[in-house]
Amino acid sequence: QQQVKQSPQSLIVQKGGISIINCAYENTAFDYFPWYQQFPGKGPALLIAIRPDVSEKKEGRFTISFNKSAKQFSLHIMDSQPGDSATYFCAARPPYNTDKLIFGTGTRLQVFP
Amino acid sequence: DVKVTQSSRYLVKRTGEKVFLECVQDMDHENMFWYRQDPGLGLRLIYFSYDVKMKEKGDIPEGYSVSREKKERFSLILESASTNQTSMYLCASSPSQYSPLHFGNGTRLTVT
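Protein sequences, first through last, are from chains D and Z.
Read the first sequence against the working numbering and you will find it ends at 187, with the numbers running on by one and no gaps.
Read the second sequence against the working numbering and you will find it ends at 917, with the numbers running on by one and no gaps.
FYI, nobody ran anything at the bench for these hints, they're computed from the structure.
Keep in mind it's a predicted model, so treat the numbers as computed, not measured.
Check each hint, because a few of them may be wrong.
Claimed, not checked - Derived Cβ-Cβ restraints for the label pairs, each shown as a range:
id, chain 1, residue 1, chain 2, residue 2, range
1, D, Ser129, Z, Arg819, 47 to 57 Å
2, D, Ser84, Z, Arg913, 15 to 25 Å
3, D, Ser129, Z, Lys808, 28 to 38 Å
4, D, Arg182, Z, Glu867, 27 to 37 Å
5, Z, Thr820, D, Met152, 42 to 52 Å
6, D, Pro126, Z, Met893, 24 to 34 Å
7, D, Arg182, Z, Thr820, 28 to 38 Å
8, Z, Glu822, D, Lys132, 44 to 54 Å
9, Z, Arg878, D, Lys132, 34 to 44 Å
10, Z, Ile865, D, Ser84, 16 to 26 Å
11, D, Arg182, Z, Met859, 27 to 37 Å
Note that CB positions come from ideal geometry on N, CA and C, so glycine has one too.
With these hints in hand, go ahead and build the complete structure from the sequences.
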């Protein structure tokens, strides 16, 4: 019940295309869903995050779509660029009052010119 | 800018050695974390700390211990390194609940 399942494991997209990464969770009490971006040789960094009281959040070319009833959320990268090539992790926060995050297994995105 | 510094980028240790991984943050954050990153397994929490001298087990604490004697420093200790502890280790800090985690660039540990 504490898992976050992420797919696909890897994704290849052409420049200008849409990249979509999906995550699913089981515990309906999770209350915070961030996405982290990791470039090679670097630690992950927060990209965008959503709370379960909204269905969508957009920041520039990055959008989180959240489906509470299906217990799924996804990251959409519009107009994907080679500079977006990185590993993306979804995460969820358990419902007890901590800062602990449960991460998905990661998606390696490659955007080709 | 928050800086989380991990003392070593690469480490090679022998089976049975005691290993110390050091992490320092410069933003007076309350919370500090140690994660392990493995291909196909994502980031798994080993230990975390909410305050000096306080620690809590994460999801995979077996074979590890931690020390937080000062607010800015959080150490991960492998009491007797084993080959299955070969991995990338990431330290992170955050000021409070719902705040972003700030990660260091990781220490790649190889145990032979």
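Okay, the hints, checked on the actual structure:
no., hint, verdict
1, Ser129/D with Arg819/Z: 47 to 57 Å, "holds, 53 Å"
2, Ser84/D with Arg913/Z: 15 to 25 Å, "holds, 21 Å"
3, Ser129/D with Lys808/Z: 28 to 38 Å, "holds, 36 Å"
4, Arg182/D with Glu867/Z: 27 to 37 Å, "holds, 28 Å"
5, Thr820/Z with Met152/D: 42 to 52 Å, "holds, 48 Å"
6, Pro126/D with Met893/Z: 24 to 34 Å, "holds, 31 Å"
7, Arg182/D with Thr820/Z: 28 to 38 Å, "holds, 30 Å"
8, Glu822/Z with Lys132/D: 44 to 54 Å, "holds, 49 Å"
9, Arg878/Z with Lys132/D: 34 to 44 Å, "holds, 38 Å"
10, Ile865/Z with Ser84/D: 16 to 26 Å, "holds, 24 Å"
11, Arg182/D with Met859/Z: 27 to 37 Å, "holds, 36 Å"
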